[in-house]
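Which chain is which? The protein sequence lines are A and U, in order.
402 is the number that our numbering gives to position 402 of the first sequence; each next residue is one higher, with no gaps.
390 is the number that our numbering gives to position 390 of the second sequence; each next residue is one higher, with no gaps.
Treat each hint with caution, since some may be false.
Because identical chains cannot be distinguished in the list, a pair is counted as satisfied if it fits within a single copy or across any two copies.
Said to hold, decoys possible - With a straight-line cut-off of 27 Å between C-alpha atoms, the simulated DSS-like cross-links for lysine-lysine are: (1) K335 / K308; (2) K57 / K347; (3) K57 / K47; (4) K47 / K329; (5) K112 / K433; (6) K467 / K433; (7) K258 / K136; (8) K32 / K188; (9) K329 / K367; (10) K47 / K328; (11) K347 / K22; (12) K55 / K329; (13) K467 / K207; (14) K32 / K254.
Rather than coming from a laboratory, the hints here were simulated on the basis of the structure.
All values reported here derive from a predicted model rather than from experimental measurement.
Residues per chain are reported as follows:
Protein chains: 2
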Amino acid sequence: MAKEITSRSENYSQWYIDLVRKAGLADYTEVKGCMVIKPYGFGIWEKMQRVLDDKFKETGHVNAYFPLFIPKSFFSKEAAHVDGFAKECAVVTHYRLRNDGTGGIEVDPEAKLEEELIVRPTSETIIWNTYRDWIKSYRDLPLLINQWANVVRWEMRTRLFLRTTEFLWQEGHTAHATREEAVEEAEKMLEVYADFAENVMAVPVVKGIKSANERFAGALETYCIEALMQDGKALQAGTSHFLGQNFAKAFDVKYTNKEGKEEFVWATSWGVSTRLMGALIMTHSDDEGLVLPPRLAPLQVVMVPIYKSEEQMEEVRAYLQPTIDGLKKRGISVKFDDRDTHRPGWKFAEYEMTGVPVRIACGGKDKENQQIEIARRDTKEKMQWSIDGAVDAIENLLEEIQQNLFQRALNFRTENTREANSWDEFVALLKEKGGFISAHWDGTPETEQKIKELTKATIRCIPLDQKKETGNCILTGNPSEGRVLFALAY
Amino acid sequence: MAKEITSRSENYSQWYIDLVRKAGLADYTEVKGCMVIKPYGFGIWEKMQRVLDDKFKETGHVNAYFPLFIPKSFFSKEAAHVDGFAKECAVVTHYRLRNDGTGGIEVDPEAKLEEELIVRPTSETIIWNTYRDWIKSYRDLPLLINQWANVVRWEMRTRLFLRTTEFLWQEGHTAHATREEAVEEAEKMLEVYADFAENVMAVPVVKGIKSANERFAGALETYCIEALMQDGKALQAGTSHFLGQNFAKAFDVKYTNKEGKEEFVWATSWGVSTRLMGALIMTHSDDEGLVLPPRLAPLQVVMVPIYKSEEQMEEVRAYLQPTIDGLKKRGISVKFDDRDTHRPGWKFAEYEMTGVPVRIACGGKDKENQQIEIARRDTKEKMQWSIDGAVDAIENLLEEIQQNLFQRALNFRTENTREANSWDEFVALLKEKGGFISAHWDGTPETEQKIKELTKATIRCIPLDQKKETGNCILTGNPSEGRVLFALAY
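All chains, full assembly: derive it from the sequences and hints.
What follows is the structure, encoded as structure tokens:
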């Protein structure tokens with residue numbers, strides 16, 4: 001495999017795009033801003049989906065499916081929401097094509113819709129319009145529903161997985177009898193996301209609350225998890241919103257409580273998307289290609305036989321077969337790569353590019369010595385191991401790689417989270433180091449906006465574990481009650 | 001549960017709609033022609049997806065995801081395809097909304113797309129446009145890809161699950177080096193569908209080939225599975241297409257063969273959709289509600305305690321607990337319904353409406369006698385069983401219900417498949433009996449078209465197991481080499 005990619009130090013952005021394409025994860029298409037998720041990339045996304053879906057169900061949620069199209073007028077019903085979402089949207093205006101008389105086709109002007117339909121950028125409006133019929137009594141609550149779907153937000157500047165016009169996601173939409181219950185749900189789902197990011201994706205995240213400027217359009221509170229990429233930029237990896245009664249009021253969703261009184265319903269929504277793929281790639285990968293945590297690797301162990309004749313290859317296969325069977329029995333995915341179209345060196349490079357966590361090379365000499373050669377993708381370390389007990393050792397190694405990736409990313413984040421105590425220090429850190437900058441802020445949207453205009457940095461979150469510490473805003477010098485996390489962000 | 005539905009004999013169509021809504025499967029929305037798939041209905045669809053997806057993977061396929069939008073010009077590239085699909089489509093013409101100055105929003109006329117985008121009605125064009133970059137050499141073949149997606153075909157008359165503007169489906173799109181391999185693939189996937197319909201859905205199907213009139217737009221051959229509903233109308237439950245080199249030629253997809261020569265690639269596509277939900281419902285259900293084969297039932301066994309006090313209820317629970325644990329251990333889904341908001345009779349009706357295969361009622365007296373009362377949803381039979389060995393017996397009963405549903409549907413189809421040997425007989429059968437009518441046809445599209453105009457009946461398929469039998473066309477009297485299956489169809 002002679003597929004070289006740009007190095008990170010040379011051009012981080014280009015490194016990312018090269019990697020996504022050459023590892024077979026995704027690619028651009030002729031449809032502006034829309035990507036194709038290729039089989040290998042989709043295989044990783046499917047693993048993410050399966051784990052998340054199981055967690056949603058464990059926490060009492062069920063899946064459903066709501067329409068792709070939303071009548072234009074629905075967006076105007078919630079005042080804040082319309083400003084946030086009804087802007088860069090795909091608009092369906094016609095429902096028929098006709099032959100244009102020259103072998104092509106054209107839009108049939110007769111088939112104009114009375115009211116335009118918007119391809120959903122998010123589904124609060126259509127879902128709350130439906131919930132009105134579903135919720136009558138306190139017995140119908142809580143309603144805990146999730147949807148896996150495609151959504152469209154028209155983007156001018158796109159980047160594979162990170163920002164595309166169409167993307168895939170899940171969106172949870174829940175309805176509750178009380179404010180407390182809704183807040184508890186929003187916080188619970190934030191925990192589900194944080195646990196998934198850290199224990200499955202091996203991506204450390206800061207849990208926090210968004211400032212008013214960065215809040216979801218229509219929410220009273222937006223919780224988020226924020227991760228730090230290798231270039232020192234932050235990436236929002238998931239959000240969970242406490243929506244108060246805003247959507248219930250906009251769509252007139254009331255329930256009769258136990259005392260027979262009508263009340264508006266309380267809401268949450270929460271989502272993660274194929275953007276997580278970007279976070280996964282940018283957290284762990286290196287100049288040789290993708291690095292995957294074993295829990296999300298479609299292929300966890302690959303075996304490359306070294307041989308000169310077909311007979312030798314079969315000897316190696318027979319030698320490794322008990323190990324293969326043993327790994328499979330434990331649910332570990334393993335492939336014996338017997339393709340004779342490529343040399344071992346080419347295969348090694350291919351499995352480095354695609355991030356297979358453990359690679360085993362094995363030839364006649366290894367068999368004689370009752371050994372195998374193990375290569376770890378994360379550290380690129382090579383080891384000679386006895387074939388005896390290899391199954392146990394490989395299983396432990398996969399776990400060790402999982403932990404190592406998390407620890408490595410956590411160390412990186414720790415090293416790249418710094419305090420700034422003056423404006424000059426803040427600007428210098430942003431320019432020279434990047435990363436998370438923990439600084440005092442006076443709590444006003446105006447100051448946050450000014451900081452953004454001056455530096456492009458935004459408040460990524462007010463950390464949930466923020467310690468009370470009085471200080472002075474780095475820009476205005478006004479009093480502050482605690483530090484918040486700033487960063488340049490994707 | 002006081003939810004009555006129209007009986008089948010009174011109004012079959014209304015019975016279906018009532019059932020779909022009252023069993024919590026799906027409902028209409030304010031978006032014309034689009035449905036919401038409710039959690040219970042989606043739970044069944046998820047089970048279908050899981051089984052099918054596993055089968056696709058067992059047969060070597062991988063999943064990927066292609067764009068929702070297709071540039072209008074792509075449709076004109078394959079001549080037959082444009083006539084079949086580029087007609088009743090949702091057309092995106094703009095990409096931005098703006099405030100209209102009166103609190104509402106309007107389409108921004110400045111944001112008009114240069115080329116309109118079509119919301120995919122099927123994805124052959126965008127996929128083959130992508131395959132051009134993926135396929136270079138015989139080493140890249142076969143390419144065996146499937147996509148789970150939503151598609152849109154603008155429909156004027158809709159019916160939940162059976163015909164909706166937006167629906168969910170999977171579409172397989174494969175590329176092969178030779179004609180033989182592609183034909184083999186199309187036939188293999190037909191077998192996968194037929195096996196799924198019969199052994200999982202318990203819906204007997206006829207495997208066959210479509211006549212030219214009913215063939216997929218752009219295919220050389222369309223294979224199908226056809227099922228018979230309780231009202232004597234046929235329903236196409238899945239199709240698999242041999243596309244020849246049509247799309248490869250339209251999108252210039254060539255590969256270099258082992259001899260270094262460039263050739264066009266051979267293609268198939270195949271799909272099943274949420275329409276299967278309609279087939280499932282209409283094949284088995286009755287006037288009390290849904291009847292589900294155990295292999296697709298989200299809940300397979302429900303236990304309803306009969307009690308007067310909380311204490312009695314807990315006694316019943318303790319009595320049933322070993323049975324509950326035993327069933328769960330075997331992977332059987334079971335619920336102990338301890339809701340005190342509803343009486344047992346209400347619960348019985350609810351579980352009949354939602355088609356839970358096995359219902360167990362149990363009170364203090366049953367405990368004294370070391371018994372439980374079992375009710376089968378399929379036959380409505382009630383039985384007193386000993387609690388000893390109940391786990392084995394219930395597991396066997398679920399299997400028996402699965403088989404019984406299939407056999408019952410097969411008997412119905414056998415009774416409702418008749419031969420017609422003259423035009424008068426054909427017309428009389430259609431009018432008085434419905435069902436499948438096996439008759440001779442002269443093989444011409446014109447005759448098929450005329451029969452359709454005269455009777456609304458179409459050729460559902462030329463069965464794969466058609467026996468050679470010469471005869472005369474029921475309409476024209478011209479020679480025929482075998483019988484084909486006619487029916488009125490959904």
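Taking the hints in turn, this is what the structure says about them:
no.: 1; hint: K335 / K308; in the structure: within (20 Å within a copy, 60 Å between copies)
no.: 2; hint: K57 / K347; in the structure: between (39 Å within a copy, 24 Å between copies)
no.: 3; hint: K57 / K47; in the structure: both (16 Å within a copy, 14 Å between copies)
no.: 4; hint: K47 / K329; in the structure: both (19 Å within a copy, 25 Å between copies)
no.: 5; hint: K112 / K433; in the structure: neither (54 Å within a copy, 42 Å between copies)
no.: 6; hint: K467 / K433; in the structure: within (24 Å within a copy, 78 Å between copies)
no.: 7; hint: K258 / K136; in the structure: within (12 Å within a copy, 67 Å between copies)
no.: 8; hint: K32 / K188; in the structure: neither (37 Å within a copy, 36 Å between copies)
no.: 9; hint: K329 / K367; in the structure: within (23 Å within a copy, 42 Å between copies)
no.: 10; hint: K47 / K328; in the structure: both (17 Å within a copy, 25 Å between copies)
no.: 11; hint: K347 / K22; in the structure: within (14 Å within a copy, 57 Å between copies)
no.: 12; hint: K55 / K329; in the structure: both (24 Å within a copy, 20 Å between copies)
no.: 13; hint: K467 / K207; in the structure: within (14 Å within a copy, 68 Å between copies)
no.: 14; hint: K32 / K254; in the structure: between (42 Å within a copy, 25 Å between copies)
The structure is inconsistent with the numbered hints 5, 8, although it conforms to all the rest.
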